[in-house]
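**Q** Below are the chains, spelled out letter by letter.
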Amino acid sequence: MPLQGLGVVMGNRIIKNKIAGGIMFTMTVASILLVILIGLGLYLKSVPIFQHYSFWHLISSTEWKPGSGKFGFLPFIAGTLWITFIAVVLALPIALLTALFLTEYSKSYVKKWVFTALDILAGIPSVVYGVWGILFVVPWISEKLAPHFVEYSTGYTVLAGGIVLGVMILPLMISLFVEIFSAVPREYRDASLALGATKWQTSKYVILRKTFPGILAALILAVSRAFGETIAVLMVCGNLPLLPHSLFDACYPLPALIANNYGEMLSVPLYESALMLAAFLLFIVVFIFNASSRAVIYRIEKRFR
Amino acid sequence: MAQLIYQNSTRASWAEDYSFLNNDIENREGLALKKSYLKVSDLNLYINKTHILKNVNLEIPDKKITCIIGPSGCGKSTLLKTFNRLIDDTEGIKYDGSIWVDGLNIFDPKTEITEIRKKMGLLSQRPCPLPMSIYDNIAFGCKMHGEHNRKKLNQIVEEQLKAVGLWGEVKDRLKAPASKLSIGQQQRLCLARGLAVEPEFILADEATSALDPISSKHIEELFVELKNDYAIILVTHTLRQALRIADHVIFMYLGEVIESGAADVVFNNPKHDLTKKYLEGAFS
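Quick note, the sequences are listed as chains X and A, same order. All the letters of the first sequence, read from the start, carry residue numbers 1 to 305 under this note's numbering. All the letters of the second sequence, read from the start, carry residue numbers 1 to 284 under this note's numbering.
Be careful, since some hints might not be right.
[Said to hold, decoys possible] Calculated cross-link-like contacts (lysine-lysine; reagent style DSS-like; alpha-carbon spacing at most 30 Å):
#1 X:K199 x A:K271
#2 X:K204 x A:K180
#3 X:K107 x A:K143
#4 X:K302 x A:K110
#5 X:K199 x A:K152
#6 X:K204 x A:K143
#7 X:K204 x A:K110
#8 X:K199 x A:K94
#9 A:K175 x X:K210
#10 X:K302 x A:K54
#11 X:K199 x A:K277
#12 X:K210 x A:K151
#13 A:K143 x A:K180
#14 A:K152 x X:K204
#15 A:K276 x X:K199
Calculated from the structure, these hints are not laboratory results. Predicted, not measured: the structure shown is a model, and the values here were computed from it.
Just chain X, same shape as in the assembly (with noise of 0.2 Å):
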């Protein structure tokens, strides 16, 4: 009697088993498959556009007049590599001394209290750092740091995106390497300080070494993320477009080209199409640079382990 009961209830398990597993895999395929069709669409949407230029004419002249027809994408790419590369170089150095701070050096306490202050920093509302651009990075720049270098500029700037942008990931970038720098066992720390190392020699030679294909994939997260940052960048960059030359031009990011013209294009022919094109280039700029970093890491990976 209790082994017959023993079966049902077995097969009523490796039933609810497999259906599980059936859903998950379902919802797996279903993700990334959204994936490939946001990419498909875009490219869809951006074919008219093709049936007038060449891809490589698109990407490489500077020219943005949509009214006379011509569509340079080169500044909007340029904006929003050089923004988002601005930004990684400022938030990078300061996320990994505060992440070694937070997790080698600092009692629990602190560590609570920062995280705190760094959770309201990462949930501040984009637009809220726009505004706070506008009012202290613009002018700072314009006033303070422009004359130094140029003989005008009017603070909306690259510097400007660059630098708001990397405040806004520097919560995400903080957070990702502590966790990173966490998972290293207690043993590796150990086995460094019991040979007379210092926290900053185990820190540099053990820790950061140990964590550097991590630290990697963290910052692919980061820069991704960085890349498609549009309201708070488009308020400070100063949206011409025109090839920056300097980090005291102004520039016009992919993600702020979309946001400013889409809803205005109806009356300008390929308008539409040249604005989707925007889009896929962003994705097409994303989905490389993932890319290749995993690769990196990959080979990075077989290297040290």
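We have chain X; now place chain A onto it with these hints.
**A** Relative to the frame of chain X, chain A by itself:
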């Protein structure tokens, strides 16, 4: 007459110079001659108000294997980690009392903790090679202490790898990642890494418990060999291991040192009831 449960033929006859191992101050003079000297007096240690080590007093003899035995959770490993103050990084730690290493109180704020740690090679339960090559693992400690002469480093690496019997096995692949070695080899590498900074003590925290019997025997033999030059302090769960290689035994129970003394005496003729029970295997 108590039954002799312990006999170790490899052990040197050291009972005669063992007399300094008592706590009276008068005999302290002789201790200045000893190269390595570790003495714990009135050590109390608390983690988050929990009393972990209770009034510990003991001395560690030089050029001997000292085994710290006792049931799980009695503070053996904590005591070991207090010797080189690795315990400092534990949250909520508080201690008083003193530990003297070569005449320096390691809790004194003036004492350079990195120098104390340099004197003590640590061997952890699971081998933990640093994420770098075999060569760099051994050279790491020396580099951290400012030795960058390539020739000298080469010499140190070869010397230490030979000391742990690993040279022949790895000399052709010194640049390979240390994690590629077998677990037994890794533990010997860790030992060599500790020896490279010229310590006086070797602290081993159940150093053989994660190893297979053959690797574990290998490490034990190394300890017996190394005690000619170092004071070895070994925390162990395996009573049989202590029986095999201990010269001096410290028995701990619930954070207290119940009994300590020459292995012959403690194993064959334990004074304390708890020690007797533990040796009989009543609890472990």
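**Q** None of the hints should be skipped; say for each whether it holds.
**A** Checked hints:
For the hint linking X:K199 to A:K271, the alpha-carbon distance of about 44 Å lies beyond 30 Å, and the restraint is violated. Taking the CA atoms of X:K204 and A:K180, the gap is about 23 Å. The hint holds against a cut of 30 Å. Taken as a hint, the X:K107 and A:K143 pair is honoured in the structure, with Cα atoms around 29 Å apart against an allowance of 30 Å. Proximity of X:K302 to A:K110 is assessed by CA-CA distance (about 44 Å); at most 30 Å being required, the pair is judged violated.
Among the hinted pairs, X:K199 with A:K152 is consistent with the structure: their alpha-carbon atoms are about 25 Å apart, no more than 30 Å. Among the hinted pairs, X:K204 with A:K143 is consistent with the structure: their alpha-carbon atoms are about 13 Å apart, no more than 30 Å. For a cut-off of 30 Å, the pair hint linking X:K204 to A:K110 stands: about 25 Å separates their Cα positions. Taking the CA atoms of X:K199 and A:K94, the gap is near 20 Å; set against the 30 Å cutoff, the hint holds.
Annotation: proposed proximity of A:K175 to X:K210 holds, straight-line Cα distance about 17 Å (limit 30 Å). Of the pairs offered as hints, the one joining X:K302 and A:K54 is violated, with about 48 Å between alpha carbons and a cut-off of 30 Å exceeded. The suggested pairing of X:K199 with A:K277 is violated, with an alpha-carbon distance near 43 Å, which exceeds 30 Å. With a CA separation close to 27 Å, the supplied pair X:K210 and A:K151 stays within the 30 Å bound.
Distance hint between A:K143 and A:K180 is fulfilled; the C-alpha atoms sit about 23 Å from each other, no more than 30 Å. Of the supplied pair hints, the one linking A:K152 and X:K204 holds, its CA atoms being roughly 23 Å apart against a limit of 30 Å. Between A:K276 and X:K199 the CA atoms are separated by roughly 43 Å; this puts the pair beyond 30 Å, and the hint is violated.
Of the numbered hints listed earlier, those contradicted by the structure are 1, 4, 10, 11 and 15.
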